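Student: So the chains spell out like this:
There are 2 protein chains.
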Amino acid sequence: MIKKAKKAIILLSGGLDSATTAAIAKSKGFECVAVSFSYNQRHSIELRSAKKVARSFAVRKHKIITIDPGVFFNSALTDKTIKVPLGRSIDPKKIPITYVPARNTIFLSFALAIAEAVGAFDIFIGVNAADYSGYPDCRSEYIKAFEKMANLATAAVIEKKGRYKIHTPIIKMTKAQIIKTGTRLGVDYSLTHSCYNPNKNGLSCGRCDSCQLRLKGFKQAGLKDPAKYKEK
Amino acid sequence: MIKKAKKAIILLSGGLDSATTAAIAKSKGFECVAVSFSYNQRHSIELRSAKKVARSFAVRKHKIITIDPGVFFNSALTDKTIKVPLGRSIDPKKIPITYVPARNTIFLSFALAIAEAVGAFDIFIGVNAADYSGYPDCRSEYIKAFEKMANLATAAVIEKKGRYKIHTPIIKMTKAQIIKTGTRLGVDYSLTHSCYNPNKNGLSCGRCDSCQLRLKGFKQAGLKDPAKYKEK
Numbered sequence: 039m040i041k042k043a044k045k046a047i048i049l050l051s052g053g054l055d056s057a058t059t060a061a062i063a064k065s066k067g068f069e070c071v072a073v074s075f076s077y078n079q080r081h082s083i084e085l086r087s088a089k090k091v092a093r094s095f096a097v098r099k100h101k102i103i104t105i106d107p108g109v110f111f112n113s114a115l116t117d118k119t120i121k122v123p124l125g126r127s128i129d130p131k132k133i134p135i136t137y138v139p140a141r142n143t144i145f146l147s148f149a150l151a152i153a154e155a156v157g158a159f160d161i162f163i164g165v166n167a168a169d170y171s172g173y174p175d176c177r178s179e180y181i182k183a184f185e186k187m188a189n190l191a192t193a194a195v196i197e198k199k200g201r202y203k204i205h206t207p208i209i210k211m212t213k214a215q216i217i218k219t220g221t222r223l224g225v226d227y228s229l230t231h232s233c234y235n236p237n238k239n240g241l242s243c244g245r246c247d248s249c250q251l252r253l254k255g256f257k258q259a260g261l262k263d264p265a266k267y268k269e270k
Numbered sequence: 039m040i041k042k043a044k045k046a047i048i049l050l051s052g053g054l055d056s057a058t059t060a061a062i063a064k065s066k067g068f069e070c071v072a073v074s075f076s077y078n079q080r081h082s083i084e085l086r087s088a089k090k091v092a093r094s095f096a097v098r099k100h101k102i103i104t105i106d107p108g109v110f111f112n113s114a115l116t117d118k119t120i121k122v123p124l125g126r127s128i129d130p131k132k133i134p135i136t137y138v139p140a141r142n143t144i145f146l147s148f149a150l151a152i153a154e155a156v157g158a159f160d161i162f163i164g165v166n167a168a169d170y171s172g173y174p175d176c177r178s179e180y181i182k183a184f185e186k187m188a189n190l191a192t193a194a195v196i197e198k199k200g201r202y203k204i205h206t207p208i209i210k211m212t213k214a215q216i217i218k219t220g221t222r223l224g225v226d227y228s229l230t231h232s233c234y235n236p237n238k239n240g241l242s243c244g245r246c247d248s249c250q251l252r253l254k255g256f257k258q259a260g261l262k263d264p265a266k267y268k269e270k
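Chains A and B, in that order, are what the protein sequence lines are.
Numbered according to our numbering, the first sequence spans residues 39 to 270.
Numbered according to our numbering, the second sequence spans residues 39 to 270.
If you are wondering where the hints come from, they were derived from the structure by calculation, not from laboratory data.
All figures in this text were calculated on a predicted structure; none of them were measured in a lab.
Treat the hints with caution; some may be incorrect.
Intra- or inter-copy, both count: the list cannot distinguish identical chains.
[What the hints assert, rightly or not] Listed next, the in silico SDA-like pairs over lysine to any residue satisfying Cα-Cα at most 20 Å (straight line):
no., residue 1, residue 2
1, Lys203, Leu190
2, Lys182, Val195
3, Lys64, Cys243
4, Lys89, Gly108
5, Lys186, Lys203
6, Lys101, Tyr77
7, Lys198, Gly172
8, Lys210, Leu190
9, Lys257, Leu190
10, Lys90, Gly53
11, Lys198, Arg177
12, Lys44, Asn237
13, Lys45, Gly108
14, Lys182, Asn239
15, Lys199, Gly172
Same shape as in the complex, but just chain A (with noise of 0.2 Å):
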């Protein structure tokens, strides 16, 4: 008899962050449904490149969701009035205008009432909170209450169908330790894109806080960012 894969949700933003995510999952053996947000974005770039990286591990579907713009505003990320600070942001006090307001919740949420009706109980996301960016909706402590509240929310637990799992593989590593295990796992990182402010032909910047953060990574892991620059 072949056992049948357990499904799992999974993340896509279309970074190397959530493409990494979504190999380890498959590593492990899962069917996966990669769901990805469109959310009055400042580049729809993060959406193609979500959509090309489903389609390089063979998904079993991606769902894509539409969220209301009226939903996020007063971030750097969904208001073109805002501007995008350049460099990392250093006030560890301070969390950056790029965060945008409960935003991984309103994600998680979303996975989860898609993981209930598709009967998955194993949702992937990929935070990650060793080089992150400030934001206090990757913290672990963050996603454990999530996932506790998940197991209160919904009528699968009830019926004692299962339990909610939120998997976060790379939540501890450095951005050098996802880029050495994603290219373990065969993730095609010229799929990915990580720039909070692209130029019109979709060339990264090179100097935003995820730009930085990404070449760094690269550069620790010893390997080539295949992701296309501006030149300086």
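Following the hints, complete the assembly by docking chain B onto the known chain A.
Tutor: Just chain B now, with coordinates in the frame of chain A:
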């Protein structure tokens, strides 16, 4: 010096529970931002009622958020091919087919995002556990877990601007108590809508779970239900 009223987010469905909850929030002196959701419900009457209720309370703002129809499926409330059962559900171990996977988690997540963006820390939701329909996400242990998660999720908390509180003022009330409380606070229940299965003219069926709970509540409160029902 006039003290500025504290803002609160009120989830408003158009039903009598959330209308009463809004009245309670207002009676506590909060300046209310109402939030309703459009999510491929079987009827848009609910949203029309929510708008009327919001207007009757002179809320500061009424945000109507569209939820991608790809998220909610496998429920009689969002899928027209699933029939809404008549009468009350009786098996306490079985979740009714009108349950929508992770619905309150998604609603509260959006409320949290909007709260953070507008600088509110109080969220009101009209869940009710006494007369409830067997939904897991209407129980107080679920709400407490959500609140705990919210207080780890957000920048406002890290920056020590405040702590989120999910208010559930009617969670322990019977339907009759809810109706009496709302009547005392001036709620116009003729504006509210409860039926899962109204006819084309918007008349309530009088037979679904939600109608029966409502009718019983008005009867026990010794009041007349101003909703319009189909002739039997």
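Student: When no copy is specified for Lys90 and Gly53, does a C-alpha distance of 20 Å or less occur within a copy, between copies, both, or neither?
Tutor: Result: close within a single copy only, 11 Å intra versus 43 Å inter.
Student: How would you label the pair Lys203, Leu190 (within, between, both, or neither) given a Cα cut-off of 20 Å?
Tutor: both (12 Å within a copy, 18 Å between copies)
Student: Classify it for me, Lys210 with Leu190: is the Cα-Cα distance of at most 20 Å met within a copy, between copies, both or neither?
Tutor: Answer is between; shortest inter-copy Cα gap is 18 Å, intra-copy 27 Å.
Student: Could you place Lys89 and Gly108 in one of the four classes (within, between, both, neither) given a Cα distance threshold of 20 Å?
Tutor: Close across copies (17 Å), not inside one copy (25 Å); limit 20 Å.
Student: Within, between, both or neither: how does the pair Lys198, Gly172 come out at a Cα-Cα threshold of 20 Å?
Tutor: between (37 Å within a copy, 15 Å between copies)
Student: Measure nothing new, just compare the shortest in-copy and cross-copy C-alpha distances for Lys199 and Gly172 to 20 Å and report within, between, both or neither.
Tutor: For Lys199 and Gly172, the Cα distance is within 20 Å only across copies (16 Å; inside one copy 36 Å).
Student: Checking an output row: Lys182 and Val195, CA cutoff 20 Å. Within, between, both or neither?
Tutor: both (17 Å within a copy, 17 Å between copies)
Student: Within a copy, between copies, both or neither: where do Lys64 and Cys243 come within 20 Å Cα-Cα?
Tutor: neither (31 Å within a copy, 48 Å between copies)
Student: With 20 Å as the alpha-carbon cut-off, assign the pair Lys198 and Arg177 to within, between, both or neither.
Tutor: Result: close only across copies, 17 Å inter versus 28 Å intra.
Student: Evaluate Lys186 and Lys203 at a C-alpha cut-off of 20 Å and name the case that applies: within, between, both or neither.
Tutor: both (9 Å within a copy, 18 Å between copies)
Student: At most 20 Å between C-alpha atoms: does Lys101 with Tyr77 qualify within a copy, between copies, both, or neither?
Tutor: Answer is both; intra-copy 14 Å and inter-copy 17 Å each pass.
Student: Can you tell me if Lys44 and Asn237 fall within 20 Å by alpha carbon in one copy, between copies, both or neither?
Tutor: Intra 40 Å, inter 42 Å, cutoff 20 Å: neither.
Consistency note: the structure conflicts with the earlier hints numbered 3, 9, 12, 14.
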